[in-house]
Amino acid sequence: GEDVEQSLFLSVREGDSSVINCTYTDSSSTYLYWYKQEPGAGLQLLTYIFSNMDMKQDQRLTVLLNKKDKHLSLRIADTQTGDSAIYFCAESSGYSTLTFGKGTMLLVSP
Amino acid sequence: GAGVSQSPSNKVTEKGKDVELRCDPISGHTALYWYRQSLGQGLEFLIYFQGNSAPDKSGLPSDRFSAERTGGSVSTLTIQRTQQEDSAVYLCASRQGLRTYNEQFFGPGTRLTVL
Chain A
1 GEDVEQSLFL SVREGDSSVI NCTYTDSSST YLYWYKQEPG AGLQLLTYIF
51 SNMDMKQDQR LTVLLNKKDK HLSLRIADTQ TGDSAIYFCA ESSGYSTLTF
101 GKGTMLLVSP
Chain B
1 GAGVSQSPSN KVTEKGKDVE LRCDPISGHT ALYWYRQSLG QGLEFLIYFQ
51 GNSAPDKSGL PSDRFSAERT GGSVSTLTIQ RTQQEDSAVY LCASRQGLRT
101 YNEQFFGPGT RLTVL
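First to last, the protein sequences are chains A and B.
Just so we're aligned, residue 1 is where the first sequence starts under this note's numbering, counting upward by one.
Just so we're aligned, residue 1 is where the second sequence starts under this note's numbering, counting upward by one.
Some clues are possibly wrong.
[What the hints assert, rightly or not] Partial list, derived from the structure: chain B residues whose beta carbon lies under 7 Å from chain A:
1. Gly42
2. Leu43
3. Phe45
4. Tyr48
5. Glu103
6. Phe106
7. Gly107
8. Gly109
[What the hints assert, rightly or not] Taking lysine-lysine pairs in the DSS-like style, the calculated list, with each CA pair at most 25 Å apart, reads:
9. Lys70/A - Lys102/A
10. Lys57/B - Lys17/B
11. Lys11/B - Lys57/B
12. Lys102/A - Lys11/B
13. Lys56/A - Lys36/A
14. Lys57/B - Lys102/A
If you are wondering where the hints come from, they were derived from the structure by calculation, not from laboratory data.
This one's a predicted model, so the numbers in the text were calculated from it and none came from an experiment.
Backbone N, C-alpha and C fix where the C-beta goes; we use that ideal spot for every residue, glycine too.
Working from the sequences, and respecting the hints, build out all of it.
Structural data, given as structure tokens:
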């Protein structure tokens, strides 16, 4: 079945860039997503990318997609302490379900 | 407008008891999802509703788990004869059915603890 893998933990200093990586196995994925979960809260969609795109930029967020290698990354520029959260990569191949990775905990220290 | 709401926010129960978890999706959202989030397991899909029917319930872990949705709105996830391994955060999400991409809006979750 489909699988989404991501590293479990990333620690950066405030002001640095953060890069969170994700790999997926489903070659029929049409959309790939990054969700953010703050402590005690549900998931919130940060950004998404259509599978025929290589890159998408949205303010401090840059998403890079290498479809050949099935690799997705999320770069957060000028990381702030408020960016500390768990970041989930997810993929979908249609209108139904999302397959999530296990999440990457980002810790931003002052 | 209001987001997805779930109740209760916390539930502590004894092993063997039945529990019901409720989800109120965003008004007008036709698709509704249940997920389970447990430590070390990430986010696990349970069941998906389109309207009142469930085209995909492949993620329900056992026949102790069931879910229904009525009026195309509220959904209830029922766990019968709870076990300690059912302890987790149960998340509900809804989606507006006509969007071409799958943005799901999540509720805050119900934290279930089975003693």
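Against the structure, test the hints numbered earlier, and report the numbers of the ones violated in rising order.
-> The structure breaks none of the hints.
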